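K.L.:
These are the residues of each chain, in order.
There are 2 protein chains.
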Amino acid sequence: MSANGLWSKRKAHKARRMERAATWIRDRRIATGDIVAALEALLEPGDRVALEGNNQKQADFLSRALARVDPARVHALHLLISSISRPEHLTLFEEGIARKVDFAFAGPQSLRVAQLLEDGKLEIGAIYTYIELYARMFVDLTPHIALVCAAQADASGNLYTGPNTEDTPTIVEATAFRQGIVIAQVNEIVDALPRVDIPSSWVDLVVVADRPFAVEPLFTRDPRHIHELQVLTAMMVIRGIYERHGVTSLNHGIGFDTAAIELLLPTYGERLGLRGKICRNWALNPHPTLIPAIESGWVESVHCFGSEVGMEDYVRARPDVFFTGADGSLRSNRVLCQLAGQYGVDLFVGSTLQLDADANSSTVTLGRLAGFGGAPNMGHDPRGRRHSTPAWLELATASGPLVRGHKLVVQLVETFHKGGEPAIVESLDAIEVGKKSGMPIAPVMIYGDDVSHVVTEEGIAYLFKAEGAEERRAALAAIAGATPIGLRADPARTATLRARGVVAFPEDLGVARLEASRSLLAARNIEDLVAWSGGLYKPPPRFKSW
Amino acid sequence: MSANGLWSKRKAHKARRMERAATWIRDRRIATGDIVAALEALLEPGDRVALEGNNQKQADFLSRALARVDPARVHALHLLISSISRPEHLTLFEEGIARKVDFAFAGPQSLRVAQLLEDGKLEIGAIYTYIELYARMFVDLTPHIALVCAAQADASGNLYTGPNTEDTPTIVEATAFRQGIVIAQVNEIVDALPRVDIPSSWVDLVVVADRPFAVEPLFTRDPRHIHELQVLTAMMVIRGIYERHGVTSLNHGIGFDTAAIELLLPTYGERLGLRGKICRNWALNPHPTLIPAIESGWVESVHCFGSEVGMEDYVRARPDVFFTGADGSLRSNRVLCQLAGQYGVDLFVGSTLQLDADANSSTVTLGRLAGFGGAPNMGHDPRGRRHSTPAWLELATASGPLVRGHKLVVQLVETFHKGGEPAIVESLDAIEVGKKSGMPIAPVMIYGDDVSHVVTEEGIAYLFKAEGAEERRAALAAIAGATPIGLRADPARTATLRARGVVAFPEDLGVARLEASRSLLAARNIEDLVAWSGGLYKPPPRFKSW
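Residue numbers (numbering that gives the first Met the number 0), protein chains in the order written: chain H, 0 to 545; chain E, 0 to 545.
If we strip away everything but chain H, and leave its shape as in the complex, we get (with noise of 0.2 Å):
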């Protein structure tokens, strides 16, 4: 049929790559020491190739695979990855095996990735929010490849991919439904899979691994480096905000003031009387720190991005809070929780490295490209939100026919650095950083204008409650402390907006600071967790001190 082969190209062009591979492909199988080769004749240059970089779990094996084609034969590839966490991602760039990239997280790359931009051997589409970039894989950067990774799959090439699903689904539905190639690394091929994650329609090719695929323990805080002016901003925290606006569902990022938070939950919120009344519904990796909270009896559920290394046989014990396949292991998928992040919880908080006046937030330092994550999707106010809930309601202040809630968004940050650089600054560096590397608007990861709250270890500016510009940077400044922002704040204007509850002090919100001891922590280090899970909890290696 000729009009039929008009309207194919793309069904006849992957035709064509397959055929062409068909040395190193035996019933959709490719043998692992085969895989160079494999790639080199799927392969074509400038291919968008999705490679499962993920904020965890690495197709590791194909990456490197991937880093070792000829160069002459495969090259100026276009690099679709949420997170570029692995040296031989960079490597691509260095052997001209890839040109360009549209990237979501670059955290221990970072400042490769600056150097190879200056370089000219690195292009960057754009830098995005995890789920945009998932977003475009259905608009205009349909890869042609995708290369993934399970844990395994079985004779037909269903796959299982355990408790990390993370993007997997979303990345090889974009592929397989427009005619390109998916091709999945598994640990191993067993007869029958635990559960299927991934039909068998939707993969095309599958090779076992040298080895596991690489994970890393992100989320993972020891709460022994949680230090007592963090506590003391959890307890703010937990009054000033969950408690005052009866906060039940929410997304916490990752970090100490965080793990803090969680930590004091079933101490500190204990005796407040608050089990029951906030922080009952999270959407949140499997934070070894929330095992004292859900213990506790605090946690209705959780709904997770990934998984956490350690956390398996806890998650497996615990179905009743986790969502969990007929298997028992854990359920996760990053665009389900970031859409549950975003619209179906009330808040989230993050901690941030800096701060500007407005409230305007970055993790970008200068000579680092490091990308966002989650956390603006999760940390912004979400327009297109039309249902209510009481605590969103509460965040309503104008008035009229047509007032909303708003989305608690809460920034933390301590006012100095460990190294006595001020946090909260006059210019965030992202603009500088926005500017040498040609980036067509600064890489700000949380917009002033989004932001509900902040908070300091001297106190929370309800910027929501701010009338005007002007009085949302009194606010803020009233909680800077010894910074040049801080420094600026008039003791007049400041009693005037504690006054009208614009801005709290601990005193205010009835936290006595001579409290804020980590002994108030519900686990003061790993062991401490391990026990709370009643030895469920398998902490890696370098988490264990004993």
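Keep in mind the hints are simulated off the structure, nothing from the lab.
Since this is a predicted model, take the numbers as computed values, not measurements.
Do not take every clue at face value.
Same chains, same names: a pair is fine if it fits in one copy or spans any two.
To be verified - Derived DSBU-like pairs (lysine-lysine); straight-line CA-CA distance at most 30 Å:
| id | residue 1 | residue 2 |
| --- | --- | --- |
| 1 | 543 | 434 |
| 2 | 543 | 120 |
| 3 | 537 | 8 |
| 4 | 276 | 13 |
| 5 | 435 | 464 |
| 6 | 276 | 120 |
| 7 | 13 | 120 |
| 8 | 464 | 99 |
| 9 | 99 | 276 |
| 10 | 537 | 10 |
| 11 | 464 | 434 |
| 12 | 8 | 434 |
| 13 | 276 | 434 |
| 14 | 276 | 8 |
| 15 | 99 | 434 |
| 16 | 8 | 417 |
| 17 | 120 | 99 |
| 18 | 10 | 434 |
| 19 | 276 | 10 |
| 20 | 417 | 10 |
| 21 | 464 | 537 |
| 22 | 417 | 120 |
| 23 | 276 | 464 |
| 24 | 417 | 435 |
With chain H's structure known, arrange chain E on it following the hints.
P.N.:
Same frame as chain H, now just chain E:
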């Protein structure tokens, strides 16, 4: 293990339900005639039930069965339903089987919803945009039971949805992984599925329906009904918005206004030399009125929320354009397409029934509780967006180091309805409806401060260019014709706004009013669309006039 029992109450509860229904279950299957008895055994009073009650396909066998259960046994259910579209959905409330509902749209049943609410027989949890409702299914509204719909199942319970995948995977995921029970009605059981859309690991029970599931051609607009003012408006949108801002990725709402735009691309758009420059990548259902643009080579890709009755063969024959499976048929996915429409495209354009002086709009009118559908999600500026595109950056009017772009949110409205009622009004009916129904906030569909452009038959108001709220109102008044709002326009002020490009009349855009004739439409009736498709489009009988 007693410790385990303490934390797996949901699993135990599910097992008890399944045990109660054991008589009616063989090999995960319920016989067609046993469904009412099985539902009576499986359900419990107060259960949260997600009923697929979709925007398009309907699990109508299951909803009819649910309406027949004994209210003495099953009552006070909490219904989670995207779209209240079938009479029996409300019979559930009349009978007391259901009591509370969370929903997104209630088009055809909106009168009855309002009536039942007034009678105290129905309680509204909240009204949502689609993906908010799904988001909460992963937070605090996890379903106990999901009643879903597929085309086929195989013996082990894998499901094939066919082109109307829509919401099924999302609802099933929320239910299956939180120890809920997933019951799927299918048209038939087959030996081998064309493809697997939902793995059997996620499905508990399958029942063959008494007849194929119901689905309505909601997105079909017969070009016969497009009138010349709509052609004029469409010409203005193409010149004054799509060409002007270089809009390559977009979503169109349903309606004759947007159908007119689709039908002008291959004629008017072609003459302007815009093919390849605008309207390449779409987040859209397979609108029949898009066929001429596709056939003329305008469209690179279309990702779909759902399918459209009659478009199956056409879509199957155009795999370069649509997302299709290895079996050849469409793969739709409402969550992912809403995500694409929110974060992945530059423009949303939709028609509204009422617009106020500040460009707030709603399709809610007195006595009807229609809900929102997908418009609020796509018709707002997504503040979590961090990537730039030329069109998005064009709307950055402010300056300064933290400038960012803005989504193009375009509202189309004719100044008067057919009966002579003004469509641009002092106060939205939605405000009155909200008050009367005791809703916490007025049911506004799109908020004025998100709207970048308003287009009437008089011209375009480039609201994003207006300086301050007062000037926005003046710009809108300038194109509001003879409505009370329009009569307020000061001609001298309008002249200034036109000179500054804040308002444009057709002549300012080089659009000749006299040219705005139906003869510009690439198809003037359904038969033309069929001809464009080479006979592949098979319109439902009601649309046939030949």
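K.L.:
To test your reading of the hints: which numbers does this structure violate?
P.N.:
1, 2, 8, 12, 16, 18, 20, 21, 22
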